[in-house]
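Engineer: Taken in sequence, the protein lines are chains A, B and C.
Its first residue numbered 1362, the first sequence is counted upward by one per residue in my numbering.
Its first residue numbered 5, the second sequence is counted upward by one per residue in my numbering.
Its first residue numbered 2, the third sequence is counted upward by one per residue in my numbering.
The set of hints was computed from the structure by calculation and includes no laboratory data.
Each residue gets a CB set at the ideal place from its N, CA and C atoms; glycine is no exception.
Keep in mind that a hint or two might mislead.
Computed cross-link-like contacts, DMTMM-like style, restricted to lysine to aspartate or glutamate with a CA-CA straight-line distance of at most 25 Å [to be verified]:
(1) Lys42/C with Asp32/C
(2) Lys1595/A with Glu89/C
(3) Lys98/C with Asp32/C
(4) Lys1438/A with Asp32/C
(5) Lys1437/A with Glu89/C
(6) Lys94/B with Asp1431/A
(7) Lys1452/A with Asp102/B
(8) Lys1437/A with Asp32/C
(9) Lys1452/A with Glu101/B
Using C-beta positions, here's what the derived DEER-type ranges look like [claimed, not checked]:
(10) Leu1541/A with His38/C: 13 to 23 Å
(11) Val62/C with Ile1625/A: 40 to 50 Å
(12) Ala78/C with Ser1386/A: 18 to 28 Å
(13) Ser15/C with Ala1607/A: 48 to 58 Å
(14) Thr1621/A with Glu101/B: 38 to 48 Å
(15) Gly1636/A with Leu69/C: 35 to 45 Å
(16) Leu77/C with Gly1373/A: 45 to 55 Å
(17) Arg1389/A with Leu99/B: 17 to 27 Å
(18) Gly1466/A with Gln93/C: 44 to 54 Å
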Amino acid sequence: MNLLIDFTLLIGILAIALTCLISRSLFRSVVFFILLGLMLAIGWIRLGAPDIALAEAAIGAGITGVLLLDTLGHLKKTGNLENDEPAPGRKRLILAIVSSFTLVGLLLWAVFNQPTPAINIHLLVTEAMPESGVSHPITAVLLNFRSYDTLLEVGVLVLAVLVGLALQTDQQAQDSLPGLPNPLLHACLTLLIPAMLITSMYLLWAGADRPGGAFQAGAMLAAAFILLHISGIKLSSQVSHRMMQAGLLLGFGVFLAVATSSLIGGRPLLTYPEGGAGMLILLIELALTLSIGLILLSLFTIANSPPHHKDQGGDHGH
Amino acid sequence: MDTNLIFTLCGVGLCGIGFFGFIYHRHLLRRLIAFNLIGNGTFLIMVGFAQRGQGVTDHVIQALVLTGIVVAVAATALGLVLIRRWFQLKGSTQLPEDDAS
Amino acid sequence: MTLLMILQSILLISGALMFLVGSIGLVRFPDTYTRIHALTKADNVGLGLIVIGLIPASFSVLVTLKILLIWLLVMLASALSGHLVAWEARAQQVPLKPSEGESSKETFSKRELSTKESSDEPSD
Chain A
1362 MNLLIDFTLL
1372 IGILAIALTC
1382 LISRSLFRSV
1392 VFFILLGLML
1402 AIGWIRLGAP
1412 DIALAEAAIG
1422 AGITGVLLLD
1432 TLGHLKKTGN
1442 LENDEPAPGR
1452 KRLILAIVSS
1462 FTLVGLLLWA
1472 VFNQPTPAIN
1482 IHLLVTEAMP
1492 ESGVSHPITA
1502 VLLNFRSYDT
1512 LLEVGVLVLA
1522 VLVGLALQTD
1532 QQAQDSLPGL
1542 PNPLLHACLT
1552 LLIPAMLITS
1562 MYLLWAGADR
1572 PGGAFQAGAM
1582 LAAAFILLHI
1592 SGIKLSSQVS
1602 HRMMQAGLLL
1612 GFGVFLAVAT
1622 SSLIGGRPLL
1632 TYPEGGAGML
1642 ILLIELALTL
1652 SIGLILLSLF
1662 TIANSPPHHK
1672 DQGGDHGH
Chain B
5 MDTNLIFTLC
15 GVGLCGIGFF
25 GFIYHRHLLR
35 RLIAFNLIGN
45 GTFLIMVGFA
55 QRGQGVTDHV
65 IQALVLTGIV
75 VAVAATALGL
85 VLIRRWFQLK
95 GSTQLPEDDA
105 S
Chain C
2 MTLLMILQSI
12 LLISGALMFL
22 VGSIGLVRFP
32 DTYTRIHALT
42 KADNVGLGLI
52 VIGLIPASFS
62 VLVTLKILLI
72 WLLVMLASAL
82 SGHLVAWEAR
92 AQQVPLKPSE
102 GESSKETFSK
112 RELSTKESSD
122 EPSD
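The following block holds chain A by itself, in its conformation from the complex (with noise of 0.2 Å):
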């Protein structure tokens, strides 16, 4: 039964992924990319990481979706929809089947002649779990035994996102798009946003023993943020620009901070004291959670800031 499952599961992503890549209309591709993201959440369940369902649930799906949805509103404004758009030649589909064949035979050679792994991992993680400092071992695993990645992690979100404000230009004013002026949508508005507050507070308070984190409640923050923004309530405009800014690197800063602070004890980098590991990850998750939430929401809005006018945006194409 359970197989069953699985498989129109596995029938259902791949059927999902291949309409998704040959549909002709942009929109259709883009819809059932986000349909993807939903039936890759339920896949997660099925192969047991609820954390990761959570995460592709929010942020696979939904920020994903409501960018690429967001872009292809825009280029439609511009008038480049190139729905009808030449199909590629002929010899491009050879190479692109030849090479898709390709992969996929080398990776299913791997997957069948798969190596005896070396050492038991998930025995390590929980001998190693009572010195944690939390009861939830994929928060263990993120925030003390691999620390280093997420550190890393966090950094490369801080660069995308610095990257993204370097190309934007003086003229883009961040506050143009016009906002949905609709009451019902402002009345729920009121409802909405306070639910969805707590239900982030709730993740990063569950991510200690339970399912949650930093990730999934960053993402819940990023979605409030980027609806208030959609509904026209800008976020930037009520804050000053410096606050953003601090925002933004808030998370880094702090995680760092706490990283870098052991080697004053004489202790290696990123380790926590005996007794303190608890309190310590939880700061950093709160730090991290505000951060990740400003993060994207500013990915969003570098995202969708307007055009140039036509006369100052130099050589165009037509």
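Could you slot chains B and C onto chain A? The hints should help.
Structural biologist: Same frame as chain A, but now just chains B and C:
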């Protein structure tokens, strides 16, 4: 046949489909979607592969994939910013080397 | 197989059927407005049936409350998004498609203008 193997194969399929789309399509937005498909396929392979080897749920690989998803969305957003900027400067949603073929 | 389990299965299956009906409506109905009707109606009832079917599975007050809260939030979100899609479709003057044999009295006033605006976005 267990769940982990099925989803590993699903990941292999996603990678193949994504790779096909990445080479075949010229529209940059479609390429970005194809790139995301490859990413999702990789995540599925990673978790399915590790858990099949261990025989139990593997929290280390799950945590790594969790960070991977967040980085993927950052990369996608950055890609979209670049596509828009390119479109704004050149008025095209393709790369110049693809215009000929 | 107790009585409760049979009841649960009936609820879950009928919920899934409601989703199926809604999906068929989404694919088969002619225009945006009827599609919204099919989606929001069928989904709210379908999810409701599934939620009621799942409650006996836990026997915990906290879990029951959480599931009910999810149902409530989804209903709010689906009502709101349905309204927003219809609102935007109205703003873009997406025409109503009259079914065969029915007089086309229910069309929007500026229907002539709608041809260039009626993009596939909300209706696709």
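Engineer: A separate judgement is required for each hint: does it hold in the structure or not?
Structural biologist: Status of the hints after comparison with the structure:
For the hint linking Lys42/C to Asp32/C, the alpha-carbon distance of about 16 Å falls within 25 Å, and the restraint holds. Taking the CA atoms of Lys1595/A and Glu89/C, the gap is about 21 Å. The hint holds against a cut of 25 Å. Distance hint between Lys98/C and Asp32/C is fulfilled; the C-alpha atoms sit about 6 Å from each other, no more than 25 Å. Straight-line distance between C-alpha atoms of Lys1438/A and Asp32/C comes to about 23 Å, which keeps the hinted pair within the 25 Å bound.
Restraint check for Lys1437/A and Glu89/C: the C-alpha separation of about 16 Å stays at or below 25 Å, so the hint holds. For a cut-off of 25 Å, the pair hint linking Lys94/B to Asp1431/A stands: about 20 Å separates their Cα positions. In summary, the hint linking Lys1452/A to Asp102/B is supported, as the alpha carbons are separated by about 13 Å, within the 25 Å threshold. Of the pairs offered as hints, the one joining Lys1437/A and Asp32/C holds, with about 21 Å between alpha carbons and a cut-off of 25 Å not exceeded.
Annotation: proposed proximity of Lys1452/A to Glu101/B holds, straight-line Cα distance about 15 Å (limit 25 Å). The hinted window of 13 to 23 Å between Leu1541/A and His38/C holds, with their beta carbons roughly 22 Å apart. The supplied range of 40 to 50 Å is met by Val62/C and Ile1625/A, whose beta-carbon atoms lie about 48 Å from each other. Look at Ala78/C against Ser1386/A: about 26 Å separates their beta carbons, and that is inside 18 to 28 Å.
Ser15/C and Ala1607/A have their C-beta atoms about 53 Å apart, which keeps the hinted 48 to 58 Å range intact. Look at Thr1621/A against Glu101/B: about 45 Å separates their beta carbons, and that is inside 38 to 48 Å. One distance hint, 35 to 45 Å for the beta-carbon pair Gly1636/A and Leu69/C, holds here, with the actual separation near 40 Å. The hinted range of 45 to 55 Å is not satisfied by Leu77/C and Gly1373/A, whose Cβ atoms lie roughly 28 Å apart.
Range check, Arg1389/A to Leu99/B: Cβ separation about 23 Å, and the 17 to 27 Å hint holds. Distance hint check for Gly1466/A and Gln93/C: the Cβ-Cβ separation is about 47 Å, which falls inside the suggested range of 44 to 54 Å.
In this structure, only the earlier hint numbered 16 is contradicted, and the remaining ones agree with it.
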